[in-house]
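A.B. asks: So the chains spell out like this:
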Amino acid sequence: MRDMAQAEPRNHLEPKVLRMAPVLRGFFWAAVGFATGNLLTLAVDPFRGHPWVTEPSAVVGWVGALMGWLLGVGGYEEIILPLFGFPSTWVEPQDWRRYFGLSTNHKVIGIQYLFSSSAIFLIAGLDAMAIRYELMQPSMHFFTYSGQYLTAVGVHGSLMMFGVGTVAMISGLGNYFVPLMIGAKRTVFSRLSGLGHWLLPAGALTLIASPLLGYWDTGWRGYEPLAMQDPGGMVFYYLGIFAMTLSTIFTSLNLATTIIFYRARGMTWARIPLFVWGILTVSLLNLIWQPEIEMTFVMALLSKLVPWNFFDAIGSVETYLSMFWLFGHPEVYIIVLPALALWNEMIPVMAQKNLFARDWAVIGLIFVMMLSGLVWAHHMFTNMRNSEMFPFAFFTEMISIPTGFSFMAAIGTLWKAKLRLTTPSLLILMSLFNFMIGGLTGVYLADPPVNLQVHDTFFVVAHFHYTIIGGMIFTWIAAMYYWLPKLSGRMYNETWGKILAVWIFIGFNGTFGQMFLLGLQGMNRWVPAYPPYLKSMNYEVSLFAFFLGVGFIGHAIHIIWAWRKGPLSSENPWHARTLEWMTSSPPPEENFAAELEVVRGFYRYDHDNPSAYFVKDKSEST
Amino acid sequence: MAATYSKDRELAAYRWGFRILLVSQAVPFILIFADWYMFNGYYVSPRANQWLGATQALFSIASGWVAWRALLAIRHDRLMDMVQGFRRAAVLGLVQLLLLAYQWGTRFIPPGTRYGEVYYTLTGVSGFYEVIGVFVLIAISFRAVRVKFTSDYHWDVDAALYFWIFQLTGGLLAYLALYWI
Amino acid sequence: MALAEATVFAVIWAIVTAIAEIVFRRIKDHSMYYTISSQGHIALSAFNFLSSWLIPIFTFMAVMVIFALVRFRAPDNTPRPSPVQTLRNKWYILLWVGVSFALNIMFWLHPTAVDLETMFANWKQQQNQHPLIVNVTARQWEWIFSYPQYGITQAVNAQGLDELELPVGRPVEFFLRSKDPFHSYDIYADVIHSFWIPAFGIKEDVIPGETRTEFLVPDHVANYETSPLVRVQCAEVCGPGHPYMEAPLSIVTAKQFSQWIAHQKSLQAQGA
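Line by line, the protein sequences give chains P, G and H. The numbering used here applies: residue 702 is where the first sequence begins, and numbers increase by one. The numbering used here applies: residue 4 is where the second sequence begins, and numbers increase by one. The numbering used here applies: residue -15 is where the third sequence begins, and numbers increase by one.
Hints are computed from structural coordinates only; laboratory data are not their basis. Hints may be right or wrong, so weigh each one.
[Unchecked claim] Partner residues aside, some chain P positions facing chain G, computed with beta carbon under 10 Å:
| id | residue |
| --- | --- |
| 1 | S953 |
| 2 | I989 |
| 3 | E995 |
| 4 | L1003 |
| 5 | I1254 |
Just so you know, these numbers come straight off a predicted model, no measurement behind them. Note that beta-carbon positions come from the ideal geometry of N, C-alpha and C, so glycine has one too.
Kindly produce the complete structure, drawing on both the sequences and the hints.
C.D. replies: Right, dumping it as C-alpha cells:
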C-alpha cells in the first residue's frame, strides 16, 4: 500500500516532454541565474568604474546560477512542483539518459556520484601531475607566476578532499550499496538525495573556475588573514566547497535515516554489516562538522566581502584556524572510516572465514568517530600556546587505539585463513600496509617537539597522502573490483587487476615514501621554487608520481572495460553473505524480489545456512 | 496491522530524519555563539534600537503562536484554518523581515564595529533561515489546498512547523544576544 | 602444533626487526639530517626514540602482509570455507588492546610530557642568562632582524639583503611579530608566517597582532655552506612571494659576532 500516494500525487498525469536534456537546461538556467544575480547586484550598487563582475556580484550571481542549475536538472518538476501540491511532471528515462538528470533511485544516484567523483579525481589528479612537473626543477619553469602554482595546489587539495575523499565512498558506494546491504527498497529522502548529487558537479566546476576571478594562494585550508587579501578566486573557493559539503550533508542525512529506519526485518543492530556501520558513523560526523565548516566559510566570505575583521589582527586569527581544524580533522576520519570498515567487509569474504572480533571492529569505528572532534589542535602546534599542546597530544595518541581495532580484526581474520588472492584482497593488503605507515608517521606528528620541526614540510604531505590515498583510494579501488560484478554483472580481468594493483603500489610508495625524506631534508610546503639541493629527490618523486598517475588511469580504463565488455559473472562470485548478493546483478528497480528477513549475522563462514530468507507471504510485511 | 507498521515506519523515518537535519542546522548558530564568545570585548551597542528589536521579537513569537494554532487546527481536520494560519504566520514573518531590512537599509548600526559584525552576521543568518521558513510555510499552505491533509496525515504541516519553530528559536536567541546580554 | 604458525611468524618478525633496528642505529644521528640547537636535540632524540619503538610495529605489519600473502593464501580462487574458523581469541585481543594502550600512554609520557617539561625548564633557565634578543619581523615577503641590545634596527649583508647572525653557545630569544613596518596603516596587510630554521629543529608561526617568543642555544658554527638546512625559511603559505621568503643564517664564534656587530653599526651609521 502506498500511503504516501495520498499525500504526494506522483501519478504522472501529464508527462512532460523535455525539449532540452536536463544537464543542458541546467547550464542554460544557470547562465540565466548568474546574469540575473549579477545584474541585480549591479543595479543595487551602481558604482561607475566597477567592472561588470565584482566579488559581491559574483557571489549573488553564483547563488542564482546554483538555483538555476538545480531547477534545470530536474529540481523544478521533481521538487518545486510537488512541494506546492502539483503532480510531478518529471519522468525518469529508463535508458542511459536517466544518469543525466535528477533521479530518485539510490542506485542511479550512487553511479552518478561515482562517475562525478571519478571525473573530479581525474581533474584533480592531472592538477597534481602539473604540480609535480613544476617541482622537477628548483625554479619556476612550468607555471609563470607562483600564485598560479598555489592556485593549482589549492584546487587540487579542495577537489580531492570535498569532491573525492568525502564523496566516492560515502555518496557513491554508500548510496548504491547501503540500501542493498540493509535490505531496503529505497531510501528515505530519495528526492533530496537525487538533488544533492547535482550540487557536486556545480561545486567542482566552481572551484575549477576559481582562477577566472584571480589566483588564490591559501591552499585547501583557506587560512586567514591571507584569504582576506587574496584575489577574487577565494570567493569561488568558499562557494564551491559550500556546494560540495551541502551535497555530502544531504547524502549523510538520507543514508543515516535510511539505516536507522529502513532496515529489513531481522536486521538488528548486532547484525548490521561493517560498511553500513562505517557509513552511519561518518554520516553523523558529516552532519555535525560539514555545517560547521560551511558557517565558518560564510563568515570568512563575509569578512572578505564587507570587509570585516573577524579573523585578522584586529579580530582573532586563531579562531579561524581552530574552526577550520575543528572540522578539518574529523574530515580525514570521514574519509578513512568507510575504508577501515570495508577492509573487514571484504577480508572475511575473500578468506571465507569468520570475521574476527566483529564487535571490536565496530567499537573501533564508533570511538574514532567520538574522539575525532578532540584532536584538532595538533594541526596548530606551531601557533598555539605551549601549555595547550599537552591535552591535544594526548587525544591524538589515543585515537590510534580505536583505529588499531580495525587492524586487529583484519589481522585476526587473516590469521590461518585460506585467502583467495584476488585483486580486491591484494589491494586491501596494500591498503593495510600503506595506512599503517600513515598511522605510524602520525605518532611523530603527535609529539610536539618533533611536530615543530616537520610541521608544514613534505613530511606532513607524505603523511596525509599515505592515510588518504594509501588508506582510502586503495580501498576504494578494491571495493570497485569487489562490487563490479554487482554493479554490472560482469567480471574484471584478474591478471590485469593484479598488475595494475602492483603498479600503483610501487608508484605510490615511490612517490610519497620519498616525500618523508624530502620533508626531513627541509622541503617546505607551498613552494614552486625551492633550494637547488633538493632537486634530485624531487625529480625522482615526480617520475614516480607520473607512474602512479598512469596506474590510476589504467585502473579506470580496466574497470570501464570490464563494466561494459567484461566476461559475465555468476550471481555471487565471491560467495559473500551480505544482502546485496541476494538479488540479481545489477539489481532490479525495487532491489529485491520480495521482502527479506535476516536470520543471522553475515560474517560467519563456519556453517552453510543462508543469512536471510525471502518472506514468502508478501501481504504480511507490505 | 502490517500496513500500519510500514506507514508508521515511514513517518517515523521522516520525522526523525527531519529532526536530525534540524540538529545539524543548529550547528551554524552554535558556531556563531561560540565565536562570539571568543571575541573579547563584546557589548550591546547603545545605538541598537531596543524598541525595534523588541517589536521584531514580538512578531516572531506571534507568528510562532499562529503557526502552532494552525497545526492544532489540522489535528482537528480544520483544513482551511490551517491554511490561513500558515499564511498569517508567513505574513508576520515577512513583516519581521521587513523590519530587519529597514534596519539594514538605514544602517543604524555601523557595520565596521565589533557589535556591527556580530549584529549583521547573526541577523543575516537567522534572516536567511527565516526566508526559507516563509517559503516553506507558503508552499505548504498551497500544497494543503491540492493535497488534502487530514488529522491522520499531516506530516508536511508538522515538518513546516518544526522548521518555523527552529528558525524562531534561532532568531530569538540572536535577539537575546544582540539586545540583552 | 597450534602455535607453529605463530612461532614462524615471531621468528621472522624478530629477525626483520633486529635488522631494521641495527640499520636505524647507524643512521640515527642523521635521521633528522642536521641539528645544531638545544631545541633541535630534543626533537631529534624524540624522533629517534619514537622510531626505534615504531620500527617493530611497522615490521609487524609488513611481515604480516607478506606472511598472509605467502602462508595464508588459497591455492586457487574457488570459494571454499577456511579450514580454521575463529570468532575471537581473548588473549590476542587482550594483548593487542593492552599493548596499544601501554605504547600510547608511554609515548605521551615520554617523549611528549618529558620533552615539553624540558623545553619549558630550559626556557625559564635561559631567561635568566641574559640571552641575546633578536626581534624578528615578518612582512610580505621579507624577514627583518633587529638586535635591540646593540641598537641595530635592520641587519643586512653587503648586498643590502636581510641576514641573521648568531653567536655560538649563547642563548637566543627571538621575538616574532608579523607586521609591515612600511605599511603600518594597512590592517589587512599582515598574514601568518612561520619562522623556521630547519637546522634548529623548530618552527613557530608568526601571527598578526601577537608576539611570540622562541628560545634556543645554537651549538655549532655553521652556515648555508655547512648545510643547506642552516637558513631562515617561511613555512606557512603567505602569498605568491612565499617560496622566496627566506634569509641566510650564520652561526659564528663570539669574536666574529662582535666584529659583525661593529660592522653592522658602521653600516647603520653610514645609512643614517
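A.B. asks: Can you give the numbers of the hints that this structure goes against, from lowest to highest?
C.D. replies: 5
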